[in-house]
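**Student:** Residues per chain are reported as follows:
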Amino acid sequence: MSNNRVTRRQFLTYTITGVGGFMAAGMLMPMVRFAVDPLLQTKTEGDFVLTGQKVSELTDAPVKVDFSFERTDAWYVSETTDSAWVYKDGDAIIALSPVCKHLGCTVNWEGDPDHPNQFFCACHAGRYEKTGVNVPGTPPTAALDQYEVAEKDGFLMLGKKSANSFA
Amino acid sequence: MFFNVPDIQQFQANKEFIDTAVVPLLSLQFSDDKSKKSGSDAEYLMSLTAFIEQQFKGRLLMTPPFSYVDSLKPHLDLSLIEKELKDAGFKHVVFITCDADWVKKEEFHVIWLPAIPLTSMDIPVKQKIMEDQLKQVIPTLTNIWTKL
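From first to last, the protein sequence lines stand for chains Y and B.
Taking my numbering, the leading residue of the first sequence gets 1, the next gets one more, and so forth.
Taking my numbering, the leading residue of the second sequence gets 1, the next gets one more, and so forth.
Careful: at least some of the hints might be erroneous.
Claimed, not checked - Here are a few chain B residues that face chain Y, going by a calculated C-beta distance under 10 Å:
id : residue
1  : Phe51
2  : Phe56
3  : Lys57
4  : Arg59
5  : Ile123
6  : Ile138
7  : Thr142
8  : Ile144
Because the hints were derived from the structure by calculation, they are not lab data.
Bear in mind that the values here come from a model prediction, so they are computed numbers and not experimental data.
We put the beta carbon where it would ideally sit given N, CA and C, even for glycine.
The shape of chain B in the complex, shown without the other chains:
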């Protein structure tokens, strides 16, 4: 489910099935030397999260990304986000990011994937890469789900 009206309505009617919230964490960097890489990372993360949503639509809510600049990062408290979502009825909260800094936060479920530059790639190649990337994400999700 995405965070939009029809999906939220479906979520509220099926809360017992949709028990996982996935929160993308998106780093934005605007300096001349970093903005191109940052933009490419953002494109990758957005493509991948949309694909994950398509595969697991009935089990998870994909929130819009939490975006931050470097100076804001120390103030971004994952436990607050996690708490709000758990209060709303989600059993599992998973963060997904291309920013390696979050991997250190071992008390949360963080899926970290190195970004692959997708620009100037043909659509079939892109799809193939996304499917391979998805295969890396699936075990993490199924682990969380079976570990009840």
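Just chain Y, same shape as in the assembly:
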């Protein structure tokens, strides 16, 4: 009986190793979890915003699609409304930002009767082709930005803005 008995010294060593192991694991686990977290993130519709526009109702004529999202600016939370000009080019959906590349006004489709089939900026008579490419000789120096598009239950979703793909 006596030889197999755990001595006081052994008992303490086992206990401290065990408890220490749990403590180390308790500290390491969250660190590992944080480190691999970006890999575990599922990329669902991330930054896409759902609009009230039905994809089936889009035609080759650009329509203005409004969408709202919440924006926090320090303590000031506001519901921000943005819009996009959306049309169908064959089967592809093109969504253009209405923000003029000159000084940031809002452009309108066929806003100037003299220039049909173009986007028009009323501030300084800037013009863009239907693809969003700026018309040379007018103030804008770049093409209108383009939104990523997606579809959910038949409704249009808009994502990040990026440089125009037609430019």
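Since the structure of chain Y is provided, determine the placement of chain B on it from the hints.
**Tutor:** Frame of chain Y, contents of chain B only:
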């Protein structure tokens, strides 16, 4: 452009394009019977001016509103405001308000719009109303701009 640092920097770099200052005139009334209406008017004017700024960002500077109580109104001299802004390089100074008293000042460009109560309105309805209101403002602005 709004009256904040990034916009002002852009304005100073593009003074030849941004030639119009829009000044909201906001009446504040605090008595029990008037404060609710006054608050609703303020909300409307602020929404509308923000929308106008979004549409014409590259052509105009939207100043913060000049707010006043009734007793202060006779002392608010629009010509002084107009002078300061013209000295700063603006060709046109436009006042926008829901307070009908300013319409009498015919020597200034005053846009007066009756306030619409926006409270408890759904966002799409609000947007629709704002777009309609904007359509009333656009001719006044384009008139000023083409009358050079």
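**Student:** A separate judgement is required for each hint: does it hold in the structure or not?
**Tutor:** Hints, verified against the model:
no. : hint   : in the structure
1   : Phe51  : holds (9 Å)
2   : Phe56  : holds (6 Å)
3   : Lys57  : holds (4 Å)
4   : Arg59  : holds (4 Å)
5   : Ile123 : holds (6 Å)
6   : Ile138 : holds (8 Å)
7   : Thr142 : holds (7 Å)
8   : Ile144 : violated (13 Å)
Consistency with the previously given hints fails for number 8 only.
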